[in-house]
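K.L.:
Here's the letter readout for the chains.
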Amino acid sequence: MADKSKDIAEPKVFIISIGLIAFAEVMTYFVNPGYGLFVHSSLLIILLALSSLSHESNPGSDIFLALSLAPLLRIVSLSLPLTSLPKYTWHSISGAIMLAAAAALMRIQGLSLRDVGLTFNSPLAQLALGFMGVPLGVLEYLILRPEPLAQELPPAGCVLLALALILFTGFVEELVFRGIMQGIAVKVMGWKAGLLGVNTIFASLHIGWFSALDMIFVLLVGLIFGYIVLKTGSIIGASISHGLTNVALFIIVPLLWKSL
Amino acid sequence: MISSITTTTTVAVTFGATLSLAATILLISLLVLKEMLSVDSKRIALNLEGRLNVAIWPLLMVFLVIVAVKILEILA
Numbered sequence: 001m002a003d004k005s006k007d008i009a010e011p012k013v014f015i016i017s018i019g020l021i022a023f024a025e026v027m028t029y030f031v032n033p034g035y036g037l038f039v040h041s042s043l044l045i046i047l048l049a050l051s052s053l054s055h056e057s058n059p060g061s062d063i064f065l066a067l068s069l070a071p072l073l074r075i076v077s078l079s080l081p082l083t084s085l086p087k088y089t090w091h092s093i094s095g096a097i098m099l100a101a102a103a104a105l106m107r108i109q110g111l112s113l114r115d116v117g118l119t120f121n122s123p124l125a126q127l128a129l130g131f132m133g134v135p136l137g138v139l140e141y142l143i144l145r146p147e148p149l150a151q152e153l154p155p156a157g158c159v160l161l162a163l164a165l166i167l168f169t170g171f172v173e174e175l176v177f178r179g180i181m182q183g184i185a186v187k188v189m190g191w192k193a194g195l196l197g198v199n200t201i202f203a204s205l206h207i208g209w210f211s212a213l214d215m216i217f218v219l220l221v222g223l224i225f226g227y228i229v230l231k232t233g234s235i236i237g238a239s240i241s242h243g244l245t246n247v248a249l250f251i252i253v254p255l256l257w258k259s260l
Numbered sequence: 001m002i003s004s005i006t007t008t009t010t011v012a013v014t015f016g017a018t019l020s021l022a023a024t025i026l027l028i029s030l031l032v033l034k035e036m037l038s039v040d041s042k043r044i045a046l047n048l049e050g051r052l053n054v055a056i057w058p059l060l061m062v063f064l065v066i067v068a069v070k071i072l073e074i075l076a
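Line by line, the protein sequences give chains A and B.
Just so you know, we're using my numbering here: the first sequence kicks off at 1 and counts up by one.
Just so you know, we're using my numbering here: the second sequence kicks off at 1 and counts up by one.
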């Protein structure tokens with residue numbers, strides 16, 4: 001069975017899919033968001049069709065279903081009427097929608113919570129990885145210098161926003177990329193190709209920040225997170241770390257930096 | 001390290017309504033496709049019908065947000 005899945009989920013198709021996702025991102029941010037949405041939508045339908053067309057003869061085709069979460073993520077974020085909503089709600093709304101997508105995929109694939117890394121294996125390693133989030137956030141702030149998200153919020157609002165960032169960006173993105181996508185990619189393509197491929201997709205979805213240095217940073221951090229998830233079988237530490245990175249990047253460091 | 005919302009917001013200022021409309025058209029297309037596949041008894045059609053839910057559920061939620069925002073705008 002393993003040989004069979006390896007035959008059909010060829011590395012070539014995997015690489016082409018990654019290339020097309022990156023291409024769609026380039027179209028979105030450097031050409032026209034409408035064209036980008038069209039390419040992402042086409043890619044979404046192709047990946048869904050590929051996953052079901054070859055499903056009968058090839059369990060390895062599940063990888064295409066997992067990869068479909070990447071164009072879906074961009075379609076969701078592009079089509080939400082974000083500018084009509086308060087800035088602090090953006091990540092919660094898009095994160096909740098992607099959580100629904102992840103849940104639907106887990107149900108269809110028959111993935112358990114343990115399968116997607118929702119276990120607390122190696123607690124010390126998870127905690128250590130979790131606390132790495134703050135220095136990573138400071139480092140990424142020095143690269144990106146984003147505007148603070150919580151400029152006009154009261155302290156209680158800042159706390160709620162921080163929790164929303166941890167849950168809806170940290171946890172949801174780790175569930176989608178490291179829990180589901182990497183989990184399936186590693187099974188089908190092997191650990192090196194799976195790890196590198198999924199984290200290349202993750203980095204390419206950061207093209208919209210218009211910083212090559214940030215993309216390299218995200219790729220390296222993604223590879224570290226991915227490797228630890230692979231070794232421990234848990235996304236908890238990576239989720240905390242990812243969430244704290246975003247809290248430091250968008251709430252704490254910008255406010256401290258402005259007050260200096 | 002946020003991949004979902006990047007500089008999408010600046011994009012949305014100019015193209016917001018068009019992109020929302022495009023996503024709604026995509027949702028309708030997927031729903032039509034799902035309906036067509038449901039009458040096909042082939043295994044592949046049934047597979048695809050189930051897998052379309054991965055895209056349909058989130059797009060339905062996007063549609064609900066679009067409608068809710070429009071209603072709030074009208075009420076305001």
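One or more of the hints may lead you astray.
Unchecked claim - Here are the simulated lysine-lysine pairs, DSBU-like style, with alpha carbons at most 35 angstroms apart:
(1) A:Lys87 / B:Lys70
(2) B:Lys34 / A:Lys187
(3) B:Lys42 / A:Lys187
Don't read these hints as lab results, they were simulated from the structure.
K.L.:
Please go over all the hints and tell whether each is borne out by the structure.
P.N.:
So, going through the hints one by one against the coordinates:
1. A:Lys87 / B:Lys70: At roughly 17 angstroms apart (the allowed maximum being 35 angstroms), Lys70 of chain B and Lys87 of chain A satisfy the hint.
2. B:Lys34 / A:Lys187: Given pair Lys34 of chain B, Lys187 of chain A holds - Cα atoms ~29 angstroms apart, limit 35 angstroms.
3. B:Lys42 / A:Lys187: OK: Lys42 of chain B and Lys187 of chain A at ~28 angstroms, within 35 angstroms.
Every hint, counting from the list given before, is met by this structure.
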